[in-house]
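If you want the building blocks of each chain, they are given just below.
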Amino acid sequence: MTHYLLRRFCAMFFILLCVSIITFSLMHFVPGDPAEIIAEKKFGENVTTETVELVRREMGLDRPIFIQYFRWIAGVLQGDFGSSSSTGRPVWNEIMTKLPATAELALTAMLVSLVIAIPVGVISAVKQYSIMDSVSMVGAMLGVSMPNFWLGLLLILVFSVNFGWLPVYGRGEITQLILPALTLGTGIAAVTARLTRSSILEILKQDYIRTARSKGLIETAVINRHALKNALIPVVTVVGLQFGALLEGAVVVEVIFAWPGLGRLLFDAIYARDFPVIQGCVFLIAVMYVIVNLIIDISYAWLDPRIRYEVK
Amino acid sequence: MHDLVIKIVESGPPFLEMIKRLKKHKLAITGLVIITALCFIALFAPLIAPHDPDKLHLAHRLLSPGDGYLMGTDNLGRCLFSRLVFGSRITLLVGFFVVAITSTVGVALGAIAGYRGGIIDEIIMRCVDVLLAFPGIILALVIAGILGPSLFNIMFAMSVIGWTGYARVVRGAVLSVKEREFVEAARSLGASDSRIMFRHILPNVMAPVIVMATLGMAHVILAAAALSFMGLGVQPPDAEWGSMLNAGRLFMRTAPHMTVFPGLAIMITVLAFNFLGDGLRDALDPWLKETG
Chain A
1 MTHYLLRRFC AMFFILLCVS IITFSLMHFV PGDPAEIIAE KKFGENVTTE
51 TVELVRREMG LDRPIFIQYF RWIAGVLQGD FGSSSSTGRP VWNEIMTKLP
101 ATAELALTAM LVSLVIAIPV GVISAVKQYS IMDSVSMVGA MLGVSMPNFW
151 LGLLLILVFS VNFGWLPVYG RGEITQLILP ALTLGTGIAA VTARLTRSSI
201 LEILKQDYIR TARSKGLIET AVINRHALKN ALIPVVTVVG LQFGALLEGA
251 VVVEVIFAWP GLGRLLFDAI YARDFPVIQG CVFLIAVMYV IVNLIIDISY
301 AWLDPRIRYE VK
Chain B
313 MHDLVIKIVE SGPPFLEMIK RLKKHKLAIT GLVIITALCF IALFAPLIAP
363 HDPDKLHLAH RLLSPGDGYL MGTDNLGRCL FSRLVFGSRI TLLVGFFVVA
413 ITSTVGVALG AIAGYRGGII DEIIMRCVDV LLAFPGIILA LVIAGILGPS
463 LFNIMFAMSV IGWTGYARVV RGAVLSVKER EFVEAARSLG ASDSRIMFRH
513 ILPNVMAPVI VMATLGMAHV ILAAAALSFM GLGVQPPDAE WGSMLNAGRL
563 FMRTAPHMTV FPGLAIMITV LAFNFLGDGL RDALDPWLKE TG
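These protein sequence lines map, in sequence, to chains A and B. For the first sequence, this note's numbering begins at 1 and goes up steadily by one. For the second sequence, this note's numbering begins at 313 and goes up steadily by one.
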């Protein structure tokens, strides 16, 4: 296990190094001169060449690119992502004030998805080829295929515009969380339900299930005590892997519902060409994503000894 | 049974066998019919659309479906149905283009990595790891945002990340196929690397690629619509389903049809590709199992 962990940590550091280089380079892919764009944002459209040069020097954009990178990464390692070119506030503070909103939305959406997906997946597998199975799986396919931004709009149309039951946007009250969480959770639920079903079907073919049945256990006990527990291991992994989908979905959902989270911050920064905020958000999202994936891999290796031995 | 499966695999996936299996899959056939219909609609859009999709009729603003317009009109009085018909061209174009680029690049790099091994394999697979460290849409969003909103930029942004999945799968499949006897036999007969690759290995790793590409169409169409919905893709006045949906947001109270129909079009298209992809996966099952 130690050998495995060491290998994974080394790989993670290499990936994070490359991620930081890509994130930093993003600003230099912009068509045009970044210094000019920043100067125009600060001082208006008609900036003089002197002002542009001043901004270039101030931001260190006149230095060789690798020196710029080292300065940036040295700051990042100390939690200093620079200041937002729109608000002037430190990027770190901006991100930290938005992060709880995204975490709240993502966790609620995950909960919504599990509450829908696990029962649907289990029932579908146990009653394979029944009408219930077909309906659930077509429903899951609809859930996978439905654009979440459309679902969000439809929910607003029904519950806010037509019935007036729930608020359209904002954050603070529990009623404001319902529609965004439902929008984000449904798509994830569809994927998880399909995986729970196939995972349980796989387990039901195993010898130990046949043994459990042959010793006369009732079907409910076979499912609950033997199948479900083992089938949930891959499901837990998948739920972890959904983290990326959750973050991706959060951007769109936060934009629709004006939810003041990380996704909305990134979206606004892209439109405002606020490079420090874009870099900060992308880097932090990638770091979270890499760490979550590492945790999943490690927990999987811990749960399934075959993986550790294979690596050795 | 196992011997039989191996025999089928070694002679390459017989097309007829696959078609026979696919025919039994009702949902896949439904998907195929919808996709074929969509291709026809896109090809013959000028003949099918009853009105000019870009022509403004300010007197006919926000008409409900039925008032002389099948799906009503938008906020500028343009026929929604005609715009949806023309929008199918962009949707399919983006899907086919991105899937063609990503699958070609992914298959090529994955095959080289798996066949050559060593340092080349390390470099290609580490690139894949690094790109997979970003949630796909977020990187595409940032790339498209930084390069500026346009159709080409979202296609480029999605292609940058999209090839990684193909490369991973193809590399794994090539690793398992290249150890097989028929590859050994070809090599001992003096076949060149390129002959072994194109005649013996690649045909045997195509099953997962076909499935991935079909499901990939669904994914790309959804992602492109999302980017356009957020204002980063196709720009007005061009008709595109995602941006039409975005325009409809402002008129949800007065003209809900502007929100309902474009979304429905996106969902039906994505659903069709997902149905077909699932059906293909079942139809190609023996070859998928063999190549991992």
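Hints are not guaranteed to be accurate.
What the hints assert, rightly or not - Counterexamples of contact, computed for chain B against chain A with all Cβ distances above 10 Å: (1) L344; (2) V454; (3) V572; (4) G575.
To be verified - Calculated cross-link-like contacts (lysine-lysine; reagent style DSSO-like; alpha-carbon spacing at most 27 Å): (5) B:K336 to A:K205; (6) A:K215 to A:K229; (7) A:K205 to A:K229; (8) A:K205 to A:K127; (9) A:K98 to A:K42; (10) A:K127 to B:K367; (11) A:K205 to A:K215; (12) A:K127 to A:K41; (13) B:K338 to A:K127; (14) A:K127 to B:K490; (15) A:K127 to A:K42; (16) B:K338 to A:K205.
None of these hints come from the bench; they were simulated from the model. Everything numeric in this text was worked out from a predicted model, so none of it was measured. Backbone N, C-alpha and C fix where the C-beta goes; we use that ideal spot for every residue, glycine too.
Verification of the hints:
| no. | hint | verdict |
| --- | --- | --- |
| 1 | L344 | 15 Å, holds |
| 2 | V454 | 6 Å, violated |
| 3 | V572 | 7 Å, violated |
| 4 | G575 | 3 Å, violated |
| 5 | B:K336 to A:K205 | 24 Å, holds |
| 6 | A:K215 to A:K229 | 19 Å, holds |
| 7 | A:K205 to A:K229 | 15 Å, holds |
| 8 | A:K205 to A:K127 | 14 Å, holds |
| 9 | A:K98 to A:K42 | 24 Å, holds |
| 10 | A:K127 to B:K367 | 53 Å, violated |
| 11 | A:K205 to A:K215 | 16 Å, holds |
| 12 | A:K127 to A:K41 | 61 Å, violated |
| 13 | B:K338 to A:K127 | 20 Å, holds |
| 14 | A:K127 to B:K490 | 41 Å, violated |
| 15 | A:K127 to A:K42 | 63 Å, violated |
| 16 | B:K338 to A:K205 | 26 Å, holds |
Going down the numbered hints, you'll see the structure goes against 2, 3, 4, 10, 12, 14 and 15, while the others check out.
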